[in-house]
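Chains as they are written, first to last, in this note's numbering: chain A, 1 to 137; chain B, 1001 to 1656.
Derived from the structure by calculation, the hints contain no laboratory data. Computed from a predicted structure; not experimentally measured. Treat each hint with caution, since some may be false.
[Stated by the list, open to error] In silico contact screen, one side only, chain A against chain B (beta carbon under 10 Å); selected entries: (1) MET1; (2) THR12; (3) CYS14; (4) LEU23; (5) SER33; (6) GLY45; (7) CYS88.
Every residue gets a Cβ at the ideal spot worked out from N, C-alpha and C, and that includes glycine.
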Amino acid sequence: MAGLIVKKDLCTGCLNCEAVCSLRHTCMHSRNSTAIRVDLELFSGLHSVTFCRQCTHPECLRSCPVDAIFLDKITGAWRINSDTCIRCGNCISACPFGAMFKQGSSKIPLKCNLCNGEALCAEACKFGAITFKENQS
Amino acid sequence: MKYGGYAGKLLRVNLTTGTIHHQDTMDYLPDWYGGRAMAARIAWDEIPPGTCAFDPDSPLIILTGPLTGTAAPFSGRTTVSGISAQGHPVEWYSRSSFGGHWGAELKHAGFDGLIVTGRAPDPVFLKIENRICIIENAENLWGMGIYESQKDIMAQYGKDWRVFSIGPAGENKVRIAIAATETESASGQGGYGAVMGSKNLKAIAVHGSLPLDVADPQRFAEVCRLIRNEAHGSHGWPHTAKLDPEKVRRFGQRYQACTQGCAVRCYDARFYTTVPSVLQRGKKLAGQVDCIAGLFPGFKESFYDWKLGFEAGFEIGQIANDEGLNHWEILVGMIPWIRYLKEDGELSRIDGMEIDLDNPRFWEFLLKGISRREGEFRSALSEGTVRASRILGIGEERVKQLFPAWGYAGHWDGHGDKINYVFFPYWIVSALQWAVDTRDPISSAHGYGQNIMGWSKICSPELGLDWERIKEVSARIYGSKTCADPESGYSGKAYPVWWHGQRSVMKDSLTVGDQVFPRIYSRKTDDNFARAGDMDGPSFERHMFTSLTGVPWSDQDLEHASERVIQLERALLVRNFNRSRADDETVIPYFEKAEQQTNPLIGRRIELNSEKFRKVMDEYYSLRGWDQTTGRPTQETMARFGLEKEAEESNTIEKD
């Protein structure tokens, strides 16, 4: 399986990951449109990172009533079929990591798709907090 | 909004009347393209002659730039401008800036910046969220340290709020008071914390989720990616800095971005998660240590050889931050001055307490007393060391050794600042930068002296460059190998001041970090000239700016707009403060003393030759288009920048 490997102890709070993710997903800079989110702890310095694990047996997949979530066999990322998705939000509630995000009632949930195999957040992270394990299949 | 990157609105708050209104950012675009540039235009229009720092009508101008809060690397900065409380011999127009995450949050809250005038009848703070600003009562925050006031507001509204606050020093209008966010991101120099305090403005809390447009997302993403990959360390730092395993183990040392968008392991931004308190037994402290704050513990075998040790030094640095005091003034100016006075036998106690720089209790007594204006001596120091020496009638000669000009302690100048290693002829550039500014100029001009010294084999024996290579690379910027030649004397020293002048404006206007931009030297290219994709290092800022905003400017256009800012700032100084060449030359005596370090190619310590320096100043004035005698921008110069009206108003028209 492909996926992001996050070592939150190495996160410096630069937020480059959020910035490139938002730019990729929305062509703008939007706080509400990042599929990876850093929760800054300014006074302890120990930040936390919310990100999709690309689970082997994802809860989002199990929760979807219309089978809109599918595995992209090339990139190894679980993705959402926008034609099938009925915007019920079950997957958002089901994700145990809180890594699927509501984008408004008319839009499909925001989920990390590993930038179609590029994982821009990992490239933007210069401190080794985010690395990318490419699909081996 | 016509251009990408901008939030589109400026917030105007009058604290006397309690009125709030919005102004379109477009009113200033594209010419006054953000931060320092926009502030200069606002200051020209809105600060009449005779305005003092603490006048209610004196505007406090806090501005981001188009790059702030975007994917542009090192772009999280915010500028603070207005009449400076620290400025000397008069309170005059100047600037400061800070990093952290506040500026980005402000833009997501819908504003590119805010201009605050007036004075609230009682303490207040501003609560800004998604284009709504509310003036809130801050009675319960007044008296709190900068950390506590942030935590209090964040506890009330959420920990994803960002707060820019003053401490007791700002409240008490201490002239070296900072305003800051997080644990180490301060608008440190200029005394703007005191200006906030004079307005009864305790803090500005921001939170937002509004998006920022990007003109050319694909190009902007690619430009940022390339620049992020090319950048490696701060100016003059070819190495990859490492953590100290002992400090990691004992104090939880870790890398921490000093500003949003940071992408390098620089040598001095570190966070400590668990440092045992020395002054409060059993307590553990956490916080960031950047830049000069690393000097608080003291350095063995240096001028700064007091022995606080790491834990106490860390704690004192945090106390200074929390109280809201300027680290640079304390460490490079005030403490050395006190030390000199003690060595000279002129002073042994301060307000009853024995001077002991190895004793953290002394530092605590000193700093908290300054921020609260306690005791005769510490109250005088609340006015800054330069003013204090006059008030107290003590140590004025020592002040002249430590403070080059304008009420600011030395910085990369080879004389009073003994922490930075720079020798002749490089500090000639620093001297001229000091001469023509209103503050310590180096905070946005590390790109010359620090860069050359750091890239030399003297400072970086393994990864540094030989002098010939440094001359070759620098010639691509300055047009001549002479400008960075260690044996060039006074030749070629005006041009770097001219070039880095507009680059400083650019950094403080876009905004991007000074310790990385402009990119000049690189270890990632065969010829050691910074380059990424189709971009040369010095063009990085312009490529980010144009792809983000859609403003169709060339490198020359951005340089020209940046130089226009210098001309307007100078005209403002002439109009409001009668700034002249005679003022510029007041820095000369400071540099006429022998330098601190020795250029090994010369073999002896050099002092400034005032006659030769005045010729370099002539050359600089000529490059700038300033009158050689008066130091004022000429009418032709102002016209070249479309500032004819301003030329008339500032009386810059030369008389026959």
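Evaluated hints:
Hint status for MET1 (chain A): violated, given a least beta-carbon distance of 26 Å to chain B, over 10 Å. For THR12 (chain A), the interface hint holds, since its Cβ comes within 10 Å of a Cβ in chain B; the closest pair sits about 4 Å apart. For CYS14 (chain A), the interface hint holds, the least distance from its beta-carbon to any beta-carbon of chain B being 4 Å, beneath 10 Å. A least Cβ separation of about 5 Å between LEU23 (chain A) and chain B falls short of the 10 Å threshold, and the interface hint therefore holds.
Interface hint status for SER33 (chain A): upheld, as the beta-carbon distance to the closest one in chain B is roughly 7 Å, under 10 Å. Taking 10 Å as the C-beta contact cut-off toward chain B, the hint placing GLY45 (chain A) at the interface holds, the least distance being around 4 Å. Against a cut-off of 10 Å between C-beta atoms, the interface hint on CYS88 (chain A) is violated, since the closest Cβ of chain B lies about 23 Å away.
The structure fails to meet hints 1, 7 from the earlier list, while all remaining hints are met.
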